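Based on the hints, put chain B in the right spot on chain A.
Heads up: the protein sequence lines correspond to chains A and B, in order.
In this text, residue positions in the first sequence follow our numbering: the first is 12, and each later residue adds one.
In this text, residue positions in the second sequence follow our numbering: the first is 12, and each later residue adds one.
Warning: the hint list may mix true and false statements.
[What the hints assert, rightly or not] Simulated crosslink set (DSSO-like; lysine-lysine; CA at most 30 Å straight-line): (1) Lys66(A) <-> Lys234(A); (2) Lys64(B) <-> Lys233(A); (3) Lys147(A) <-> Lys134(A); (4) Lys66(B) <-> Lys234(A); (5) Lys255(A) <-> Lys138(B); (6) Lys77(B) <-> Lys134(B); (7) Lys234(B) <-> Lys218(A); (8) Lys255(B) <-> Lys234(A); (9) Lys64(A) <-> Lys118(B); (10) Lys125(A) <-> Lys66(A); (11) Lys66(B) <-> Lys305(B); (12) Lys138(B) <-> Lys265(B); (13) Lys64(B) <-> Lys218(B); (14) Lys233(B) <-> Lys45(A).
Note that these hints are calculated values from the structure, not bench results.
Only a predicted model underlies this, so the values are computations on that prediction, with no experimental measurement involved.
Chain residues, written in single-letter form:
2 protein chains.
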Amino acid sequence: MTYKILAGAFIFVLMTMPVFAAEEKKLSPSEIVKAAPASDWTEIDPQNLLVLKLKTGTVIMQLATKFAPLNTDNIRTLAHEGFYDGLSMYRVIEGFVAQGGDRAEKKHLGGGIKNIKGEIISKSITKDSFKSLELKDGYAGETGFVGGFAAGRSSDKKETWLAHCTGVIGIGRGDGADSGGTEFYVVLGHALRYLDRNITLVGRVLKGMSALQKLRRTAELKKGENIDIENPIISLRVMADLPKEEQKTYEVMKTNSSSFNRLLAARRNRPSSWFLETPNYVDVCAVNVPSRLKTMVGKQK
Amino acid sequence: MTYKILAGAFIFVLMTMPVFAAEEKKLSPSEIVKAAPASDWTEIDPQNLLVLKLKTGTVIMQLATKFAPLNTDNIRTLAHEGFYDGLSMYRVIEGFVAQGGDRAEKKHLGGGIKNIKGEIISKSITKDSFKSLELKDGYAGETGFVGGFAAGRSSDKKETWLAHCTGVIGIGRGDGADSGGTEFYVVLGHALRYLDRNITLVGRVLKGMSALQKLRRTAELKKGENIDIENPIISLRVMADLPKEEQKTYEVMKTNSSSFNRLLAARRNRPSSWFLETPNYVDVCAVNVPSRLKTMVGKQK
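Bound-form chain A, shown alone (with noise of 0.2 Å):
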């Protein structure tokens, strides 16, 4: 008898191993990121790239030229020639906002547009490039990704736009969808979505939001303090203007990869044994699409 259930034994575990080996091994959200193989990454071109300097430390930042090329194009051409530097994190709220630029309205423009067309909502982006997420969304008909960007989409109008994560940067303006153009704002805390379709985005944060969790905040300053002294733009400037050696190559995951298409699965249903609980559901602003330093021996650190 005994025989017979350790023969018994055997077969059984004969019969599960295949299934086992079959089953490819799960993998967390990080281990998903660090085992994609190159080919799931792109590299982002470096004038889509601007770098902030706070007394804080850096940001860098991805330009969402797809969404809003005049302004993009704005705030390159403000960079590239200086605009920013020596201006002020002005406006610091706590779990809402910290924006950037000149709010005396007093520096000379340059080439610079103070004053530029909205770009809120893309008619130009096809249902191709759109990577839906196909999860409801209670702000949005849709759902998804435009290159390393969060968006919604409202597939009958045809109409995409970037959503307000946290991380996300904005162009303030003032009534109507034409005035503003070169003061920004990165959302700090849970995602404004309830700003969505109201203000042109022009990129995300990939690295450096904790520069911006340092600022002072405006509620916080003591009498006789100055925001503009407390939270100088040291520089604000072009990845590709910057000189060769202090150059860095930034690669984001594509997100018609399978390597992402994993990671959205994860991240609906953690794999890990620790999670009781999985929701089988991730909004669109859970989702940071991985951005990297591309290293390359000799060139980079």
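The following block gives chain B in isolation, referenced to the frame of chain A:
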């Protein structure tokens, strides 16, 4: 003919005036909070407030005793006995959490408990005490509020749980629901809803998120730096234990009040003409149940 047009215009004005007059003036969310009558607020028991002092500022926390009676009692006991004083915020991850406590597991626990029963899901919270948002959500069957806290609910199972919104306070755990008790964390960035129904949550930050955001990040420490020295917990105290002259009274808006109903409506659709589009939606973590310092002449400022 000019007369007829004018007369017509006059009649039109007369006809529309009563409509405008009858319509309540649309207030912004912050105006609604300011206009809320005293009866729409309730005082928070000072036994349910914690005061965390850090080098970067002071954090005021509200305990969710209904959801986690054992765990909030435990953290209150530990704070009462000064357990956290001199410990540190030893794990700070940008956009994720700031975690504090006794990572070395060296400190005498006194009346506190190291591994306490998890209180992840409540079966005792009734439908009546749950203020439903009545809007769709990807992570929970239903979302809403209990007291000052954002929560998810499964109506069929009669289960209610706190939602991992920005500023929520959780009890770190190892494997299994009952493997934590002393180590707490605060959600720093976008809501971490995938952690819902996985961790005991004990409260939320009412004030002072910026003090947590200004902590040194674990990943940014330089060689030779020690996070325990960088991010010390100066003290963590129960408000009721402080000397009378240091105690402050906080109030929270009643979620069954008409002010809160108005606030939810204004968050779904901002009434300002600045908005080009409004979503007629708000996610549960985008609503912070208002709280305020109660000011009494001659007592507090």
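A quick look at each hint next to the structure:
no. : hint                    : in the structure
1   : Lys66(A) <-> Lys234(A)  : 21 Å, holds
2   : Lys64(B) <-> Lys233(A)  : 19 Å, holds
3   : Lys147(A) <-> Lys134(A) : 22 Å, holds
4   : Lys66(B) <-> Lys234(A)  : 20 Å, holds
5   : Lys255(A) <-> Lys138(B) : 63 Å, violated
6   : Lys77(B) <-> Lys134(B)  : 11 Å, holds
7   : Lys234(B) <-> Lys218(A) : 20 Å, holds
8   : Lys255(B) <-> Lys234(A) : 28 Å, holds
9   : Lys64(A) <-> Lys118(B)  : 41 Å, violated
10  : Lys125(A) <-> Lys66(A)  : 26 Å, holds
11  : Lys66(B) <-> Lys305(B)  : 25 Å, holds
12  : Lys138(B) <-> Lys265(B) : 16 Å, holds
13  : Lys64(B) <-> Lys218(B)  : 12 Å, holds
14  : Lys233(B) <-> Lys45(A)  : 24 Å, holds
Going down the numbered hints, you'll see the structure goes against 5 and 9, while the others check out.
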